Amino acid sequence: MSLIKKRKCKKENQRVNRDISLLNCLEAYEGTADCPPNKKMTLGETTIIREPIEVIAFFDGSMRPLRFRWKGAVYKVQEITFSWTTMSGAASILHFSAYDGTTLYELSYNKATLRWTLEGVALHE
Amino acid sequence: MSDGASVMHLDMDAFFASVEQRVNPALRGLPIAVTGAAKRTVVTTSSYEARALGVRTGMNRFEAKKQCPSLIFVSGNNAKYMDVSTRIMEIIKGFSPLVEVYSIDEAFIDISGLRGLFGSPLDIGRALKKRIKEETGLICSVGIAPNKLMAKLASAMDKPDGLSILRPCDIKAHLQDMPVGTLWGIGPNITSRLGLMGIKTCGELGRANAGILRKNFGIIGERLGAMGRGEYKDPVRPAGFEDRVKSIGHSMTLPEDVWEREKIKMYLLKLSEMVCARARRHGLQGRTVCLTLRYPDFFTFTRQRRLSRATNDTHTLYRAAKRTLSTMRLRAPLRLIGVSLTGIVEGTRQLPLFTEDKQREKLLAAMDEINGRFGHSALTWSALLEPERTPGVISPAWRPSGVRKIDVG
Ligand SMILES: [Mg+2]
Chain A
1 MSLIKKRKCK KENQRVNRDI SLLNCLEAYE GTADCPPNKK MTLGETTIIR
51 EPIEVIAFFD GSMRPLRFRW KGAVYKVQEI TFSWTTMSGA ASILHFSAYD
101 GTTLYELSYN KATLRWTLEG VALHE
Chain B
1 MSDGASVMHL DMDAFFASVE QRVNPALRGL PIAVTGAAKR TVVTTSSYEA
51 RALGVRTGMN RFEAKKQCPS LIFVSGNNAK YMDVSTRIME IIKGFSPLVE
101 VYSIDEAFID ISGLRGLFGS PLDIGRALKK RIKEETGLIC SVGIAPNKLM
151 AKLASAMDKP DGLSILRPCD IKAHLQDMPV GTLWGIGPNI TSRLGLMGIK
201 TCGELGRANA GILRKNFGII GERLGAMGRG EYKDPVRPAG FEDRVKSIGH
251 SMTLPEDVWE REKIKMYLLK LSEMVCARAR RHGLQGRTVC LTLRYPDFFT
301 FTRQRRLSRA TNDTHTLYRA AKRTLSTMRL RAPLRLIGVS LTGIVEGTRQ
351 LPLFTEDKQR EKLLAAMDEI NGRFGHSALT WSALLEPERT PGVISPAWRP
401 SGVRKIDVG
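Residue numbers (the numbering used here), protein chains in the order written: chain A, 1 to 125; chain B, 1 to 409.
It is worth saying that the hints were derived from the structure and are not from the lab.
The structure displayed is predicted, hence computed values, not measured ones.
Backbone N, C-alpha and C define an ideal beta-carbon position, used for all residues, glycine too.
Heads up, some of the hints might be wrong.
Said to hold, decoys possible - Label-pair restraints from in silico Cβ distances:
(1) B:Arg-309 with A:Glu-54: 36 to 42 angstroms
(2) A:Leu-66 with B:Asn-189: 51 to 57 angstroms
(3) B:Arg-281 with A:Leu-66: 37 to 43 angstroms
(4) B:Ser-120 with A:Ala-91: 40 to 46 angstroms
(5) A:Gly-61 with B:Ala-156: 25 to 31 angstroms
(6) B:Trp-184 with A:Arg-64: 51 to 57 angstroms
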């Protein structure tokens, strides 16, 4: 096997492992408002997470999350598809829809506390 | 303006569904339906892919899925739509200060003074559509005409992504065979009453005898006739130029249909608190309490109760709403509950006579302040806590700012 092929293979394996760990993580969240227990998640449904995460972001007048760590796994953001702002009292919260090519994550950043939260995950199939 | 193109109506295409398709690339090009909060079963907006397969707003999950088995349901997120809406309205206000925000995804724009700045009305429409597309990724339809009624009609002529102009010389021919119900403001009720008079098309309505219309419809008779001819006098009313507020109200589509009186009362308290907080913020008080209820079949009715004096006190409003409810016999569970204060008076704060009243006024002012600081309903009457966790669906009358759901005229 060529070196390039080996690398590609390793990358794919990493990805599969990460997806499995994501699925395992999400299983613990079934039973939230959007996803009743014993029901397989389908396209369009979001599992609510609302947990703190660590984020590497790009700052340049505006802000763009690049990757984040949740439960030990690192997720790379491919595209911010949408962003919006809400207010919580006097604090404004920036929301980002982050897409990694297969899964959609909603991240939020509280401008007052400077903390990031993983709000939810929408799986694709 | 010489060609009479002075009003523009802008309408976002399949707004909620389009936002969700921007947010989630996996949903693009697929039939999706946006529903309300978690347990709500009614389609509020569907994507054009779903509409092509027969999905309509107002269908329940079951009907929609039967119509279109591949349909994907997405639960809506009001905060997201409100923020996008506000951004879109800001873009529009960059073109003209004379913008009337009509709903969360619609606006009227007075473009009569813009010609020199941005070119022809069609150029303005094109520029506006481009800016919105660039900034939000969303598409809209624009109609241009001599007045609001015709602009609203024009924006619907070439959806989605349309840009249409109705010139005065084309209006007569365009309306000639158009069913009256197509006109903005002519609902099923008026349509069927006109039908009984043998009036089915706008052409017939425009030619109808003014005396007969007045006899059948009272003061709006003449207005209806004019509408049939495509005439409409109401100007574009930018925020701040609206008529004086006549009522302040809030309504909620419930996350699930509710029978239990105790639960209904809890929603009444929450709504009373929302209404009164807003009234207090704007220094207004109301004399009459209106309770609006809707059954799952969309049958909607209102009951009123006049108070001994104008108020913006949560407990007073809640007690009146509760009393009104107690006189009613419900034939079905409730889908929507609304509370509003009408008979609005400004700055007629009566000096509270009793110490209890004084203390409550102080408490209310403090509550409003804390809620403003810590987020919506950070501090509230203890009985409110349960419905707070399941947010309802945004009312179609929602507007980005100011006193909302204002009934004018
Ligand atoms: Mg629309």
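Now for the hints, and whether the structure bears them out:
no., hint, result
1, B:Arg-309 with A:Glu-54: 36 to 42 angstroms, "violated (57 angstroms)"
2, A:Leu-66 with B:Asn-189: 51 to 57 angstroms, "holds (56 angstroms)"
3, B:Arg-281 with A:Leu-66: 37 to 43 angstroms, "holds (41 angstroms)"
4, B:Ser-120 with A:Ala-91: 40 to 46 angstroms, "holds (45 angstroms)"
5, A:Gly-61 with B:Ala-156: 25 to 31 angstroms, "violated (39 angstroms)"
6, B:Trp-184 with A:Arg-64: 51 to 57 angstroms, "violated (41 angstroms)"
Taken one by one, the earlier hints fail for this structure at numbers 1, 5, 6, listed in ascending order.
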